[in-house]
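Number of protein chains: 4
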Amino acid sequence: MDKLNLMRTDLIDEATEVVQHRTEKEKDTLYESPGIQMNEERKGRVIITHIETDASGAETIGKKEGTYITLSVPTLTAEDADGFEQLEQQFILSLHDIHHQLHLTPQSKVLIIGLGNRTITPDAIGPLAIDRFHEEMFSLPFEHGQVVFYAPGVTGQTGLETGEFVKAIADKVKPDLILVIDALAARNQDRLCKTIQLTNTGIHPGSGVGNARNEISFESLGVPVTAIGVPMVVDAPVLVVDAIETVFKVISSQIGEATKPSSALSVGSWLRSTEAPINVEAIKPIFGEWSGWSSEEIRALLQEVLPPHHQQLFVTPKETDTWVTRHADMIQSGVTKWLQDDVFSSISP
Amino acid sequence: MDKLNLMRTDLIDEATEVVQHRTEKEKDTLYESPGIQMNEERKGRVIITHIETDASGAETIGKKEGTYITLSVPTLTAEDADGFEQLEQQFILSLHDIHHQLHLTPQSKVLIIGLGNRTITPDAIGPLAIDRFHEEMFSLPFEHGQVVFYAPGVTGQTGLETGEFVKAIADKVKPDLILVIDALAARNQDRLCKTIQLTNTGIHPGSGVGNARNEISFESLGVPVTAIGVPMVVDAPVLVVDAIETVFKVISSQIGEATKPSSALSVGSWLRSTEAPINVEAIKPIFGEWSGWSSEEIRALLQEVLPPHHQQLFVTPKETDTWVTRHADMIQSGVTKWLQDDVFSSISP
Amino acid sequence: MDKLNLMRTDLIDEATEVVQHRTEKEKDTLYESPGIQMNEERKGRVIITHIETDASGAETIGKKEGTYITLSVPTLTAEDADGFEQLEQQFILSLHDIHHQLHLTPQSKVLIIGLGNRTITPDAIGPLAIDRFHEEMFSLPFEHGQVVFYAPGVTGQTGLETGEFVKAIADKVKPDLILVIDALAARNQDRLCKTIQLTNTGIHPGSGVGNARNEISFESLGVPVTAIGVPMVVDAPVLVVDAIETVFKVISSQIGEATKPSSALSVGSWLRSTEAPINVEAIKPIFGEWSGWSSEEIRALLQEVLPPHHQQLFVTPKETDTWVTRHADMIQSGVTKWLQDDVFSSISP
Amino acid sequence: MDKLNLMRTDLIDEATEVVQHRTEKEKDTLYESPGIQMNEERKGRVIITHIETDASGAETIGKKEGTYITLSVPTLTAEDADGFEQLEQQFILSLHDIHHQLHLTPQSKVLIIGLGNRTITPDAIGPLAIDRFHEEMFSLPFEHGQVVFYAPGVTGQTGLETGEFVKAIADKVKPDLILVIDALAARNQDRLCKTIQLTNTGIHPGSGVGNARNEISFESLGVPVTAIGVPMVVDAPVLVVDAIETVFKVISSQIGEATKPSSALSVGSWLRSTEAPINVEAIKPIFGEWSGWSSEEIRALLQEVLPPHHQQLFVTPKETDTWVTRHADMIQSGVTKWLQDDVFSSISP
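First to last, the protein sequences are chains A, B, C and D. Positions in the first sequence are counted from 1; adding 27 to them yields this note's numbering. Positions in the second sequence are counted from 1; adding 27 to them yields this note's numbering. Positions in the third sequence are counted from 1; adding 27 to them yields this note's numbering. Positions in the fourth sequence are counted from 1; adding 27 to them yields this note's numbering.
Derived from the structure by calculation, the hints contain no laboratory data. Misleading hints may appear alongside valid ones.
Chain copies aren't distinguished; within one or between two, either way the pair holds.
[What the hints assert, rightly or not] List time: in silico DSS-like cross-link candidates among lysine-lysine, alpha-carbon distance up to 30 angstroms:
#, residue 1, residue 2
1, K136, K276
2, K276, K201
3, K364, K136
4, K364, K70
5, K201, K364
6, K276, K364
7, K199, K364
8, K199, K136
9, K276, K199
10, K311, K276
11, K201, K136
12, K311, K136
13, K201, K311
14, K201, K70
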């Protein structure tokens, strides 16, 4: 969780362009966009979105070239043993999927890094996952030194940039793969804690802006990096913009009798809350001119009007402590099983 | 921090009536309201608001009869040693002020309870303060058994209602005073972490709704109870309503050229962000009809339109971990000094 | 773990009389002692000792009247998944055994107390078990309020005697059973972390001396109390006496060619390290007169000669952190399964 | 704290040769030994021992060539504010003393490493000191990146040798000085928690045995390394040997009427508990032949006779939690003041 820039979303399938082009009629277009391959399927309660981009496609959606897999369980709750079970199964399959070209062997070394600040509950997912590796140390089916794990703490806590810390350790361990576990920021509060994203493009704090010192990626380290992230927070201004737009859309659709009762349960509805175009004329009497504004325009107004403190607030679920523990456990368990069955077993598939 | 109802504010000076009547011309009226005595002064960087209500005044503002003292440092930051120093000085004086009629003696017993869930950062202020008492145990100037302290954890963690837990301990200890330290919910995000409230009316989870089982007060326990609270969170829907209203007000005032440059620095401005009436006609073209709605009407719309998850989100500063630690330290330090100098010294004033 | 008196043993089968009479030829006598019924059996790797005493038998062994069950796995290691699995199975059976006369029903209420100081690793077993109950809260098969749990912390940390704390909570909860989880002191360092003791006689800090204020028992609370304890420490002077006596015995047996190769693997050998009489005349040239002294005489000498600091030291295994976590987990898991299957299931056996 | 070899002492002034030669008449000899310069003085309640060795002197005492400073407060208790205050004053002076040849400047970079396992109370001193640096981060008078600190955890917890971890970070940070904070093992239980040792020879796990991979020193890292250690544990067999020898000595001196009432208060008595030669003939009737054995012979017997578990036990004070916290606080405070006044102030002395 980047402390300075939570305005952005870290989830690829919240990228404006992906969401906007996902309306029913435009879906085909996106699927056929040069440089973007997108596939969506449902296994039980889990929606799996697989996106591959090359350089041109990456530019289109404002993300980095590579593979992105998001697993979502829209109906997940913090006490949902079955949901987490299903999520873990797909997570293990996705770990296999995203790493199958790396040709890891039983002799491979893996460095696991848990990012984040353990003193802020929703940001503790990385350190908590590392704690779980420590607790389970004696029963891990690895030889000593094959799996190395650290939770470096946040920059402010140690005096060394996180990216520099990881580089230092990686230079020493010389791993064949680095897994980085981190909390993410989402745009849509419905996504909070219900999605897990894997990407082989690594971690890019400051996102598009590109803060090379903090980057943790193949480019910066010379080692394949897979980032595993769970959206745990929404930035406060993002929440406000999202809430205002939701008001406009819902009222617009109610006025237009545009109720789509069945769609609420379809796969797509999870990701396409913004799909229906707002009937601005219909709602303008109630909400005025700004109901026709773009998200960016509303956000710009808020940034000008709201006090600066507002930018320094984040939003997280009241059960954030339970969520963060369960996701950390699930990730540790899934990674361990994948390493055991897929990497360190003598007859690797 | 009550897990189910963060809609409310726990701060008396955010009570709608107090805020509404605080406009310059109505101030006198409130000050003279039957049953309400309000006094506001500034000492260095600290604004001290002292409110006394009798039964009739309490009904007017929708809070319980008694004394409320709020100390605010609008310019406080998490790393502000001077600000916390000034706040602690006034806090100690306020502890003296609010307890002077209790006639505590060096033989008095004090029970200190730290409420909240230590696994959620902003809710950990009570348990952290109790931790500090433990750490400083050996240097505390009290005889064994004169000061008893517990952090009972939240109801969901233990199976016993918090109020029942406190009653059980109080029946055993038979204290002359109970201090309860807790995180509060605020309405205005500007207040977060910058205010501390003392009241001899105790703790009333569920507020107006009145959940007697959870109440921690003189009425429920037969012992004087002083609640010490710091606003650490804003409920997400409250934040959204507040943000929308701020947009309306700021734009309205800009259109009306109603800029009041000096007021930004006055004592009152901290508490009277809502004072200027919105010029609805001026802003209606931009924001539509709802710019004339009341807070309650906007809130009702949001509650209908936003998904239920939204109600289960809270907002807190990104530096919540530093804030909560500093406030817990300050409260522990202030309470200790007050007990030492004012209660347990042989020549009590 | 009592902070002031670790000289004693908290394990009944280390009681001098039990151990002394356990030599092969005297065993029958003890078994037939009026008021003492002792039964020992082995299930897999677990040795189960069941002792029932009435008032006269209790006086003989210097312990309180009631039932004592000790489960020991002499070959247990901290990373021994199989050993802990076997221990848990017998632990669940023993919980059934020791409570079967209480006639608990699905409507019964159970209060679980984790004693000890979480900041001292080997003393943290009680608080850690309570932490585990908290973590598993949402998946516990109990209705709210049927199971209440607390870790009160040590007296020095809170200002209220632990026994008073438990009484306060018990008066409120009115449970049908109180389970108390605690770290114990052992006499023999071989027993450390490899034994678990259950007794319906409760907790008696200060042991025989009888410190009524601290007692947690049916007599002090009016509610059945079952104490669940694991020996985690040996008092330093006890370790020294034990080491000196072991030297005398081993050398004596070597000189006398009194090697008993098979006994090392028998059930009894675990508990009867002191059985063979020392041949004092044979070893006196090497070790002098004191090789003929009793344990009490050696201890008295040490107490006189060693500096007072020595009395304030305790001994614990280097892997104390792993041990304490595993035992806390096992106890939480075993108690939960017993409550679920035996108490709260609709058709209780 | 090395997990496998606690037999040794980590304190130079417990080195057999230093202690043995410290008897009054031989003192001069040692002081004049080629390659060893030893100076002892008392400031208030603190005894300061300063030892400088060159290669030949280092060989004599079985330690590494360099500077050793030990600060001892024989009367220190865990709740002793005055004692810790005096110790901190001397500690700051010793930091100045041991570093004055390094010519640190306000531009120097310092890497601080807290060794040890935070889940074992007496071994947590390093991690706790690092925690304190984190807590005080915002008030530290350093520029970002000038002071970098980490608590790497133990090898078993991370998969990377501690020495390798420190090398990785040091290669990145390129510090001018590395401070390593660690718990030590003592031989004499009287020393526990009452001494702090500084040495510019670094950390040498496995001591004489020499495990180069774990070494943290100028030789292994190419950067000056100062080790700051506090004896927190005694190995169980060491405690037993020490106790037996103490019995022999005390009884021997009592028989010989060799009471030296004044020496008990002299500076030397703290370090010279072994000074008086045992009158073996006088005590042989009571204690036998072995009262004339050397420490090594007694230890060899114990190692043969005591069960292997015995070697895996350590001894620590019952107040180990308070001790470890106070020492960690004192070290953090002393290091910060030294850095501020001596290194980073613009006019460095």
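Hint check:
1. K136 x K276: Answer is neither; intra-copy 50 angstroms and inter-copy 51 angstroms both fail.
2. K276 x K201: neither (51 angstroms within a copy, 54 angstroms between copies)
3. K364 x K136: within (16 angstroms within a copy, 39 angstroms between copies)
4. K364 x K70: Within one copy, since 20 angstroms is at most 30 angstroms while 33 angstroms is not.
5. K201 x K364: Classified as within: same-chain Cα gap 22 angstroms, cross-chain 38 angstroms, threshold 30 angstroms.
6. K276 x K364: neither (43 angstroms within a copy, 50 angstroms between copies)
7. K199 x K364: Answer is within: at 26 angstroms inside a copy they meet the 30 angstroms cutoff, but 33 angstroms across does not.
8. K199 x K136: Both, since 12 angstroms and 21 angstroms are each at most 30 angstroms.
9. K276 x K199: neither (53 angstroms within a copy, 52 angstroms between copies)
10. K311 x K276: both (12 angstroms within a copy, 19 angstroms between copies)
11. K201 x K136: Close inside one copy (8 angstroms) and across copies (26 angstroms); limit 30 angstroms.
12. K311 x K136: Neither, since 60 angstroms and 60 angstroms both go past 30 angstroms.
13. K201 x K311: neither (60 angstroms within a copy, 62 angstroms between copies)
14. K201 x K70: neither (36 angstroms within a copy, 48 angstroms between copies)
The structure fails to meet hints 1, 2, 6, 9, 12, 13, 14 from the earlier list, while all remaining hints are met.
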